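Asks: Letter by letter, the chains look like this.
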Amino acid sequence: MSLSLFLDILIGGLILGALYSLISVGLNLQYGVMRILNVAHGDFLMLGAYATYFCVILFGLNPFTSFIVVGPLMFSVGLMVYMIILRRVIKQSKSSEEVESKSLLLCFGLSFVIQNFVMIVWTANYRGYETPSLGTVNIFGTAFEIYRVLIAVISLVINIALYLYLKFTKSGLAMRAIVDNPEGAQLTGINPYNIYALSFSIGAMLSAFAGSLISTYMAISPFIGSPYTIIALVLIILAGIGSFKGNIVGGFIVGYLVYITLRLIHPALTLVIVYAALILILLLRPRGLFAR
Amino acid sequence: MPRYRLKKNTLFKYAPLAIFAVLAAAPLFLSTYYVSLLLSIMLWLGIAVSWHFFSGSTKYISLGSAAFFGVGVYVTAIFQRNMPFPSIPLLAYALTFLFALAVGAVTLRLKGIYFAIFTFGLAELLNNALLFWEMKVTGTRGRLIIPMDIYYYILIITLIALISIMFLRRTKLGLALRAIGENEDAAEHFGVNTTFYKILGFAVSSAFIGALGAAFAPRWGYIDSGIAFNSLYSFMPAIMTLFGGIETPLGPIIGAVIISLLEEYLLTNFKDYFMLILGSIMIIIILMLPEGITERLRKTARRLRGLP
Numbered sequence: 001m002s003l004s005l006f007l008d009i010l011i012g013g014l015i016l017g018a019l020y021s022l023i024s025v026g027l028n029l030q031y032g033v034m035r036i037l038n039v040a041h042g043d044f045l046m047l048g049a050y051a052t053y054f055c056v057i058l059f060g061l062n063p064f065t066s067f068i069v070v071g072p073l074m075f076s077v078g079l080m081v082y083m084i085i086l087r088r089v090i091k092q093s094k095s096s097e098e099v100e101s102k103s104l105l106l107c108f109g110l111s112f113v114i115q116n117f118v119m120i121v122w123t124a125n126y127r128g129y130e131t132p133s134l135g136t137v138n139i140f141g142t143a144f145e146i147y148r149v150l151i152a153v154i155s156l157v158i159n160i161a162l163y164l165y166l167k168f169t170k171s172g173l174a175m176r177a178i179v180d181n182p183e184g185a186q187l188t189g190i191n192p193y194n195i196y197a198l199s200f201s202i203g204a205m206l207s208a209f210a211g212s213l214i215s216t217y218m219a220i221s222p223f224i225g226s227p228y229t230i231i232a233l234v235l236i237i238l239a240g241i242g243s244f245k246g247n248i249v250g251g252f253i254v255g256y257l258v259y260i261t262l263r264l265i266h267p268a269l270t271l272v273i274v275y276a277a278l279i280l281i282l283l284l285r286p287r288g289l290f291a292r
Numbered sequence: 001m002p003r004y005r006l007k008k009n010t011l012f013k014y015a016p017l018a019i020f021a022v023l024a025a026a027p028l029f030l031s032t033y034y035v036s037l038l039l040s041i042m043l044w045l046g047i048a049v050s051w052h053f054f055s056g057s058t059k060y061i062s063l064g065s066a067a068f069f070g071v072g073v074y075v076t077a078i079f080q081r082n083m084p085f086p087s088i089p090l091l092a093y094a095l096t097f098l099f100a101l102a103v104g105a106v107t108l109r110l111k112g113i114y115f116a117i118f119t120f121g122l123a124e125l126l127n128n129a130l131l132f133w134e135m136k137v138t139g140t141r142g143r144l145i146i147p148m149d150i151y152y153y154i155l156i157i158t159l160i161a162l163i164s165i166m167f168l169r170r171t172k173l174g175l176a177l178r179a180i181g182e183n184e185d186a187a188e189h190f191g192v193n194t195t196f197y198k199i200l201g202f203a204v205s206s207a208f209i210g211a212l213g214a215a216f217a218p219r220w221g222y223i224d225s226g227i228a229f230n231s232l233y234s235f236m237p238a239i240m241t242l243f244g245g246i247e248t249p250l251g252p253i254i255g256a257v258i259i260s261l262l263e264e265y266l267l268t269n270f271k272d273y274f275m276l277i278l279g280s281i282m283i284i285i286i287l288m289l290p291e292g293i294t295e296r297l298r299k300t301a302r303r304l305r306g307l308p
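Chains as they are written, first to last, in my numbering: chain A, 1 to 292; chain B, 1 to 308.
Any given hint could be a false lead.
As the list claims (entries may be wrong) - Restricting the straight-line Cα-Cα distance to at most 25 Å, the calculated cross-link-like pairs of lysine to aspartate or glutamate (DMTMM-like) are:
id	chain 1	residue 1	chain 2	residue 2
1	A	LYS91	A	GLU183
2	B	LYS299	A	GLU183
3	A	LYS91	B	ASP224
4	B	LYS59	B	GLU184
To be clear, the hints were calculated from the coordinates, so they are not data collected in a lab. Just so you know, these numbers come straight off a predicted model, no measurement behind them.
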């Protein structure tokens, strides 16, 4: 393997890995806090991509500055979905297993609703906008588009921001408390339903940010979400559910796997390779690499 | 919960036989439209009942029926020219059984969530693997299938699935699966080998879906991986069973009949809104009708008779 290819894979995987850790972190938060297995996660990502697309096309915003619109918008969408649909299921259910299986089916239905709603309103056509080229940057003799590097940097910054939020704010602390011990957290006076609403909305917002970033280099359609849902789900199992550290590391593992497959093997085999890694890890460490 | 038993009078005993006779004779007197409607009802009924046998009993939700259906479709696509057709669904049954054993062996030793996630991506995985295979190795895109009349194949396979699942529910396997659904830890304590029964039950249930896929494939003259692994085949058995009621074996049957009729109505009148409406129905069922229509009707009937 030539040196330039090696460097290409080294940096390319790093960029993709940072993005993947952003894609899955929202899902990890939602599942960790309230046992909601949101299989419509990729569809929130798709909505974020559409929101950015319209910000760019209609208001002439830069895709990266569109965050100030996409963030609050998708936070509210997440909050609405939680309030209208998920809250009821959490309140009805008697055990966390029941929440898991009901929310799984619910989100499965929700995913079809979101995809087909978007298809009816904005057609199934692929859409894209022109990303302003920022030129390239030379990293050890290999040229990388600056905006690809920017995507990785933004992903990591959002991840770090979330980490700081969970570490140092009161509501962040409450979220971690619920992940660790739901009953104990309630005894200390935390209202779990507020925390659930908050973490679901933040999860939706984070996946929408990932969608915004993806829309800068890829044409979008109502059905781009599902592959990302699958990768995010695999990633959080691989990493260990509810583990923030695992999420970052898992992001890079999956990022490298996908990038190596893309560059050296064949794009159609990415999911096959990711699944093979998942099977291997489930056989060796059934609860994920960073099991809590 | 006290079970509400129907009295086994003569009518009840012979009704299934009469329904079968009518279904068998249907192509002789019904128009093509109604025959194809019956065909799709029977197909969905077979898939929903098979799905319910595992996922309904154990509460391990499988989102991957499309994967097994697609394997069946591809068995037909590959072997149709080399084998007499009646043996193909059998072969598909065997191959899907083995495939599901492998999937189950990896995921069913673990908690339900791993299983759900794994099956969620399974159809997409096979879809991609086949795309790669066709691009790189065979250099084709999709496959031609010789169309033929499959009404009786679907009728017979669905019937076999129904009868064997009714029978299997009373065997050790069926009891073990239901015990797992009630309380897996308790089942384990009573000496039930839960992992073994989960894997076996999953394979049995998936294999029927594969056989149905193989038998249904000749409806299409041409298939590709997108048609064979359509996520609709994962979605429909779940929504049908939930609508009918997941707790009773009657649930998937009633759900399949009603939802297939609804599917036909929506597809002819609101083609573009089809999936949107079905998805919304699924959400509404889970929120408003969590125990399904059969349980709701039973409760209403009891209330009307003044029973608690």
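Asks: Hint by hint, note whether the structure agrees.
Replies: The hints, checked one at a time:
With a CA separation close to 15 Å, the supplied pair LYS91 (chain A) and GLU183 (chain A) stays within the 25 Å bound. The hinted pair formed by LYS299 (chain B) and GLU183 (chain A) fails the criterion: a straight-line CA distance of about 34 Å is larger than 25 Å. Using a Cα cut-off of 25 Å, the hinted pair LYS91 (chain A) and ASP224 (chain B) is violated, with the two alpha carbons roughly 43 Å apart. A C-alpha spacing of about 10 Å is found between LYS59 (chain B) and GLU184 (chain B), which places the hinted pair at or below 25 Å, so the restraint holds.
Hints 2 and 3, counting from the list given before, are not met by this structure.
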